[in-house]
Structures are given as structure tokens and as C-alpha cells.
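Protein sequences appear in the order of chains A and B. Everything in the first sequence is counted per the numbering used here, starting at 1011 for the first residue and increasing by one. Everything in the second sequence is counted per the numbering used here, starting at 271 for the first residue and increasing by one.
Hints were generated in silico from the structure; no laboratory data involved. Here the structure is a predicted model, which is why all the values come from computation and not from measurement.
Now the stretches of chain A that chain B is said to cover, found in silico as 3 or more residues with beta-carbon under 8 angstroms:
1) 1040-1049
2) 1055-1062
3) 1071-1077
The beta-carbon is built from N, C-alpha and C at its ideal position, and this holds for glycine as well.
Here is how the chains run, residue by residue.
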Amino acid sequence: MKSRWLWLLYLFSPPLLVLAPQLALADNDHDLALELKQAGDILPLEKILGKAQRLHPGHVLEVELEKKKQRYIYEIETVDTKGNVWEMRFDAKTAELLNANQEK
Amino acid sequence: MKADSLQLRLGLSLLLSLIAVFIILWFLISHSIRSLTEDYALSHLQHDTESLLATVHFDPQKKPLLDKTKLNLIYQRPFSGHYYQINQAGVPQLRSRSLWDQDLEFDTPINGQAINLHTTGPEQQSLLLYVASYTKSGVGITIAVAEDLSPMEQDVERFQHYFALTALLAFLILLILQRWLLMRSFQPLEKLQAEVQELERGGINKLSQNVPTEIKPLVAEVNLLLSLMAERLQRSRHTLGDLAHALKTPLTLLRQLADDEALSDNVRTKKILSQQTDKMLRLINHSLKRARLAGEGPAGSTFSINNDIPALLDTLQHMHKDNEFEFIPSESLPDRLPLDREDMLELLGNLLDNAGKWARQHIRFTLCINENNLRCTIEDDGPGVDQANLKLLTQRGLRLDESADGHGLGLAIVKDIIHQYSGNIHFSKSGTTGGLQVSFEIPLSSREHH
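The following block holds chain B by itself, in its conformation from the complex (with noise of 0.2 angstroms):
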């Protein structure tokens, strides 16, 4: 993916928005469940506090009693983890067994008032310590009650563990889903992308409008400007049909003046007159007959051999009435070519033309793709050329045939449509017909898609 690119753009933003979420869920999660169950372990210290104070009596000297038998048994077992003490002016007076050996140190608050905190006991426990100031029978006494936290931290820690492991995992799911998703919303894009492709090749003539609504507008500005450009296209061809077919008819007259008795006398008019108009005559020849194989064919679209192939033939046969042409496509010929159907027509159209124009009666057609290089060999059963002009022909495009109707600009326009297309061009000696052979290649891989 590149660095610009929007997937990644997207990816990068949602998964660090992830990770600051689980950050901060796992912050407030564990800070909920240890402040929770302090809250709940000091309730019930509050408690156990109360029932100290309701246990309470006092001996003649004022010193603190307690009845044991009414004390819980976890309150005997020496570092139990649950502790209590009562203090006298901040002097211990009653420790709870559990304390075995050891006292607890805290403040006295002040008569009413309770404090807790926490602190270190036996065997490096962890305490959590509820200390309240009361007053009974005119007695003041300050009663600690301690529960030993450390297997509640160890099972936040358990849970912070299984924590990080699950997140990891959600996020990991997350990922692969986010990534799936974002595929899946990339895909009409890819699909665009391929219809442009195809577009290119000229399989179609729009994109189609099924399409996210974010991409819309661009699809409908792609396929008026399609349409726009396919319509000018259409009218300047016809245009220059039109021109050629109006001019068509005055220019005659003007050949026909060129042999009248009046410019008997002139010499030098007449001849050039006849030159000219001779000149205009076939250029305009030309262009009718390039308007009359390009036919109506969407404008831009690539050459289609399945369909564009017999409709040239048609028309040159229609132009050659005495003459066979004779088509011999190799096997596993695609139908479409990367090239341009205008400019393939106009180049097999000339060659054929000319050779029709030769040929006796028989003109071969043979088309192949090789090492992605198209081949094609067009064969007449003609007079042929001779050895010196093939090699003039080959080398300088030299018309041979100035009187020929036509011949010599066809010739011209063929080699500029080989040489557009980094291609070459050969004539020959026609092996199998005996007349000439000319054959051109044209290499595909350039004109591909990536």
C-alpha cells in the first residue's frame, strides 16, 4: 500500500483509535474493581468494627474486655489476615490473637470520626485498616479492624492479565475485520478501476452508474465527457465525409473542364489544371474511403477481429468484384487487440486495397499473434515487384505506382501507422502467390496495461 493511500490512511486512524480505547478501558476497569471491592472490604470492616464496640465491656479499671467465644475463629489463627486492635489514648490494650507477636500503628482520630488507610502487617500482607474513636461507658476507646488485601490485588492483577490478553485478541479480530471491511468498501473502486481499463480496451463505451454515492458525481463527469468526446469525434468524421462527398462532385466538373476545347490553346493551364484536380481527386477518394471503413463503430474503440474483420473484407470485396480474399487467422486469436480500430482499419484496408487492386484473382490474409507481436501477411497472385524496387519500397516507401488511383498516399499512411505503433513493415516476393507479399508486425506487451 502506499502512503497516500486512503485504506491505509483509514486502517492507520481506526487502529489507533483501538488502542487508545483498550488503554483507557483497561485503566478504568481495573481502577473500578479495586475501588469496588475496597468499598465492599471496608463496609464490612465498618462492620465488624460496630460489633466490636457493641462486644466491648470494661473491668473496674477501665481496661477493656472481650468475650472470645463471640469472635470469629479467623480472628484466632495467628496471621490470618484479619485483625483487630483496641487502643486506649493511642495504647494498645486488646489485640486480636491473629496479631500473635505484632501490633498494628495508626492515629487516633478524633471521638466520631474514622479513618482508614492502608499499611504493611505480618508476613508483608498488605492491609487495608478501618480505625474509629468512640466513647462507652465514659470510656474512650480507638478500635483498628484490618482485612490483608493481597489475595484481592493478586486476583485484579489475574484480571488485568486476562484483560490484556482478551484485548489483544479483540483487537486482532478487529484488525482482520476492519481490514475485511475496508476491502469490501474499496471494492467498487476496483471495480471502476477495471471498467476504465476495459474502456480503454474499448469492450465498453460508459461506466456504469452502480456506483457508492461519495463517486458518483466523478462517474457521471467521466461518462458525459465519454459521451461529449465520442459525439465531436463522430461529427468531425462525418464532417470531413460530408466535405469530401460535396467536394466530390464540382471538383469532376473541374477535371472535365481541364479537357475542354476551350483550354486547347492553353497548354500550360490545361496541364495544370489537370494536375490538380487530379491530386484533389484522389485525396478526396481517399477520405470517403476512410470514411466508408470506419463506418459507425463507437469512436476510440479498440479492433475487434470477430467483428471488424469481415465487415473490411465485405466492403473490399464489394470494391474488388472479380477478386477472392481469403482470410487465414491462426488458432487462439484473442477477439480484441490493444489497437486502435480506426487506425487498424485503415491500415489493413490500404494493403488489402492495394493488393486487391494487383491480384489476379487470389489474395491471401494471414493474421497471427507471436511473442506478443501481432503478424500479419498480405499475399497477391499479381505481377509482383521487382528485387531492386522491393528493396526501394522497404527502405523509402517510394510510390512506384504514381498513375495507380490512389496507391502511392495509401502506401504513405500505412508506414505512418506501423511507425506509431513501433512496428515494421516488409516486402517481398510472395512464395505461395507469386505476386507481392507484404507483411508488418506490430508488438502488443508496449500498448498493454499494467
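Extracted from the complex, chain A is given alone in its bound form (with noise of 0.2 angstroms):
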């Protein structure tokens, strides 16, 4: 229960939209998985987070969506109850778990 007082440290701390380091996130890649959901090209997040909370139960720490091969991919990275940090490579149209590994 890592999000336990979560809130309540939250509560007494300075709004969020503070500086953040520069991150090299790729910039829409949020907005490009909109479209393809509603084009019906890939499946919805929470259906890929539900299969790899199944796998691995955690926390996500991160999704990315790739295109390799005109194969659209899923790489989610969870971190689990013993603080093991997964990664794990689903299809995005078929939920297929591609592979998973512990991250070293």
C-alpha cells in the first residue's frame, strides 16, 4: 500500500504544478493512442493494465506505445509489493504478452 497517505501528504503539500526536470517523453504519444483506440486499431489502456496486474500486481510506473514492424506495442513497467520493478510487452491490438522480464 505505497499510495496509503498518499493523499494526505498531498494534502499539506505545495501545489503540483511545480518546475519538473526536463523529461525526453515522447510528446503526444498520449493523443496518438486516443485516435487509435477510437479507430478501433488498438485496445483500450486499462484492458492491456488489467492482464499485466494480473501478471505482475504493482503500481505502473510507465507506458509507451510503439510502433514496430506496423505492430503497435504496449510497454508497461509496473512495480510490484516487493519493490521488484517489471517490464512487460503486450500487443496493443490483441493483448498478447509479447515478454516480460525484471528489469536490471
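Two independent chains are provided; combine them into the complex using the hints.
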């Protein structure tokens, strides 16, 4: 239960919109994901996450949508209750698990 | 505890009020915590909304743009629980990356106004939404910032569980404490009850005044009544003794008159006069003896073996100077018997007096308690009673000694008292002293207090 007192911490912390370190995030991958989902080209992220949660229950750290050889792939990073970070790759259209491994 | 018990009634009403207080507290605290945390969350959401408003700028097509480097990481991680969305005329233009492939749905408030609402977000998160409309650089925009309240709700739930548990514990402790307090407050009443029983047994002659204010008037009334009754009894006893005493001299004179020469002609009058005055003298002597035996002890008290028997034997020794009264109590006799003092003095006094009248020199008086029966045997070394008359004595209480002074009346009283206590009396020939043996038994249990 990592988030047990999170809201309390949040309660007494200054507003969230502070300067954050520069990040190399794909600029608008989430807008692309929305479009692809609406077009029916990929599954909703909730479904993929549901499957990931069944494999390795924990908190989602990062989600990335990649296009490789005409295939959309969801790369999910989670941290389980023991503190291990997992990386799983799913086919974004079929939710098929491509590979899963503990990140080194 | 009985249904009409004060203790039960007090206990129940306190119990009900405790339950009510706990339930009200539970709702009040739960509601307070929920609204407090929600208010805090809302104030943060409002600040974030204003920060977004400060950061937002517009491209030449008047589309909103945000410098993502100025945003907190929590808005970047998909489904993190913290989201924002900027609409223009009800159409989503900018969404936080955390929303990923979903968007927020909300009504557009009019410019300068804000609303907040609860909605369901990604992965069934329960979102609190703050929505406000602004105009910046001539462009109208609506900014919505949302936060997942599920962790807070879990915490409120956890708190409710803890509270319920603590309340239950406190409730149990209070219940035990309350019971102890009630018992403590009712202790004076139990003490009073014990005192009343002791009063009935004759150990004390008034109730202790050291009681709570609430029952003080009652105790004072009872004490007043007790002293009134004792006084009245004492007075009537004295009156009776005084009357007997006052009548004795005139009666003796009358008795002497019966033997007067002047009446020698009138045999019938003489006979009636002497007979009736004899009878009256006998009654008066009995009354006087009774008053003497009763002494000055408190009215209505119980018989004390240690105090009353030596006094009685002392009196009898004075009345029968030539005889020796031997008292043989069994071991482990209690001091007090649950029998009326005057009844016992009358009973034993009469029997011992009888024995003293007939004995040559020795009277054996034994006392014991057997299976909750008081057993008493009085034997003398006198001439005794023959077999036929023994039977009659036991059966009918016949007066065998009309001539002897006062004897007949005494035996009748003895039988009355024995009967009153559901006891029995038996007359036989004594095996040890050879004279008459009188033994009686009185059950103590039926007179005992619960």
C-alpha cells in the first residue's frame, strides 16, 4: 500500500505544478493512443493494464506506445509489492504478452 | 436482577444513551473527515487550475499550448490519479498524458465560474473534479483538474473500522465501569438491608444514620417508628407490672377477709370469695414473675444464650434458694437464637420454675442445636409423675397440680409458646435424676431469614 498516506502527504504539500526536470517523453503519444483506440486499431489501455496486473500485481510506473513493423506495442513498467520493477510488452491490438522480464 | 430493579433501569438507560452517543459520533466524525479532506483536495485542485491558467498560451490558430516541462511528473504517468484537461467550447483540446486514451466529461460553467463534481475515471477511480471557465488573451477556455479520491476513501473506511473497534472497546470498558459504579452507589442500600435483618434478629435497636441523603429521610422515619414502638411496649409492660403490683395488696386483704370470722355464717360466700381471690392472686403472681423475668431488655429483641440464660438462672436461684441449677450447653452454640427473647424467657422460666418447685435439690438443664432444631431438656430429682399422668400431660396439658401455686397456668403458657413456634414438647421420667424430664424441640429454620 504505497499510496496509503499519499493523499495526506499531498494534502499538505504545495500545488503540483512546480518546475519538473526536463523529460524526454514522446511528446503527444497519448493523443495518438486516443485516436488509435477510437479507430479500433488498439485496445483500451485499461484492458492491457488489467492483464499486466494479473501477471505482476503492483503500481504502474510508465506506459509507452511503440510502433514496430506495422505493429503497435504497449510497453508497461510496474513495481510489485516486493519492490521489484517489471517490464512487460503486449501487442496493443490483441493484448498478447510478447515478453516480460525483471528490469536490470 | 428483577425487572423493576433500579439498578437495571439505570443501567439500561445509560446503555442506550451510550449507544446513541457512539452512533452520532461515528456519523459526525466520518462526515467531518470526509468533508475536511475533500475541502483540502479542492483547494489544491483550484491552485493547480490557476497554475495551468498561468502557463497556458495560444498558437496563432488560438489553440492552447502548454510547456510540459513545467508540469509535475504525476500528470505524465498514465492513470496516475492526477489529471487535467483543457476544453474550448466544450471540445477537448489538451489532455494530461496521465489520461492516456481517455478523456474527462464535464459541463462547461459560464465564464468566471467554477463547479466541482464527482465522477468515475480510468480503472474505476473515484475522481473529484474542479472545473472553471476563463478568458485569456481573448480566448475562452475551460480547465478541469481531477484527483483520485480512492486512497482517501480507503483511509476513511479504515478510520471507520478503527473507530468502530475503539468504540466497542470503550463501550465495554464503560459498561464495566458503569456496573461497578452502580454497585458502589447501591452499596449503602445493601448495608441498610443487612442492618434491617440485624434489627429483626435483635442485634441492634436502630438503623445507622450514615446513609446517602436520598434515603436519609426513610431511615430517620424507620428509627422514629422503632423508638416509638419500643417505648410503647416498655410502657405497656410496665403498666401491667404496676397494675399487678398495685392489685396485690388489696387482693391479699380480700383473701384475708374470706377467712374472717364475720363470714363464718355464710359458707357459700366465703367459699366463692376465697376461690376467686386465690385465682386472681395466682394470675397476679404470674404477671409479676413475668415482668421480673423480662427485665429491662430492649423490646422485640432475640434471645441471647450468653446474656439471658445466666440472668434467668440468677433470678430462679433467688426464687429457689435450696436448689442447684446446673446448665449444660452443648458446644458450638451460637449466642443469638432467632427466637423472641420474652417468649424464650417465659418458656424456660416457667419450666425451670416448675422443676425448682418439685426438685429436692438438683435440676439439670441442657441445651443443644440438632439439625437446625433447638433441643432443650430440663430434669429434676423430685418425685416425678406416674406413667398414666405423663401421657396425659403430653397429650392435653392437664393440670395435675391444681393445688400447687401457679403451676398449671405456667404449663398452659409453655404449650402455647411451643405451639406458636411449631415445636413439640415431651414429658417423661428422667434417666439421670429420677424425677420429671421435660424436653422440647423448636425448629429454627422456619424462622430464619432468607
